[in-house]
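**Student:** In the order they appear, the protein sequences are chains Z and V. Residue numbers for the first sequence follow our numbering, beginning at 5 and rising by one. Residue numbers for the second sequence follow our numbering, beginning at 970 and rising by one.
Since the hints were derived computationally from the structure, they do not count as laboratory data. There could be a bad hint or two in this list.
What the hints assert, rightly or not - Among the chain Z residues that face chain V by a calculated CB cut under 7 Å, a handful are:
1. G44
2. G46
3. L47
4. F49
5. N60
6. F64
7. L94
8. Y103
9. G108
10. S109
11. G110
Virtual Cβ for every residue (Gly too), placed ideally from N, Cα, C.
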Amino acid sequence: KAGVTQTPRYLIKTRGQQVTLSCSPISGHRSVSWYQQTPGQGLQFLFEYFSETQRNKGNFPGRFSGRQFSNSRSEMNVSTLELGDSALYLCASSLPNSYGYTFGSGTRLTVV
Amino acid sequence: DQQVKQNSPSLSVQEGRISILNCDYTNSMFDYFLWYKKYPAEGPTFLISISSIKDKNEDGRFTVFLNKSAKHLSLHIVPSQPGDSAVYFCASRGISSGSARQLTFGSGTQLTVLP
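Modelling step: build the complete structure from the supplied sequences, incorporating the hints.
**Tutor:** Below, the structure written as structure tokens:
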């Protein structure tokens, strides 16, 4: 079956712009989580959505937001981009109450 | 405040020998621990996990050990193969409802298996 699909794979934006990243989970997975990976920082939790509701949020500024649609697809948005937002953004999906998280290949965002 | 720490950013091991990757955590509320493997330009791939009620879990060449009193877990790969070269992340899951679905990751260890 298809894995977690993230689009686009690569993105270059300038400071001050906004960006929207998309994630399509594995069919049947209703939980979607987002993580930011920067060099030396590991993966930092952004937020988790389940049934179109944000269930948990990490320690990121309000410029980072997300949403989930009725088909479980999720988007995350970053407004007023800063150079420090350059990172690999990863989406993971899972079945409810499952320990098994499946990650997508990520979107590499570069802010110049 | 890093709740999950991988103090070795890199590790080099000869092919056929044992690779031992270490991870320390500070939050005693974590109830489940996972190891992920990541190749460049790909998302992390689940490798092996262990519940806090166990002290060992084995899957083929991979074994995870958990020492709850020391808040320490380790991943053993025996024998190591060149294809194991990747970044390995340990991750922990909390049991409170607020953090129930949140994994806390370490910063990763780059494993290089030399032929």
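**Student:** Take the hints in turn and mark each one as holding or not.
**Tutor:** Hint check:
1. G44: 6 Å, holds
2. G46: Check passed: Cβ of Z/G46 comes within 4 Å of chain V, closer than 7 Å.
3. L47: 4 Å, holds
4. F49: 5 Å, holds
5. N60: 5 Å, holds
6. F64: 13 Å, violated
7. L94: Given a least distance of 5 Å, the restraint on Z/L94 holds.
8. Y103: Interface hint status for Z/Y103: holds (6 Å vs cutoff 7 Å).
9. G108: Holds, about 5 Å.
10. S109: 5 Å, holds
11. G110: 5 Å, holds
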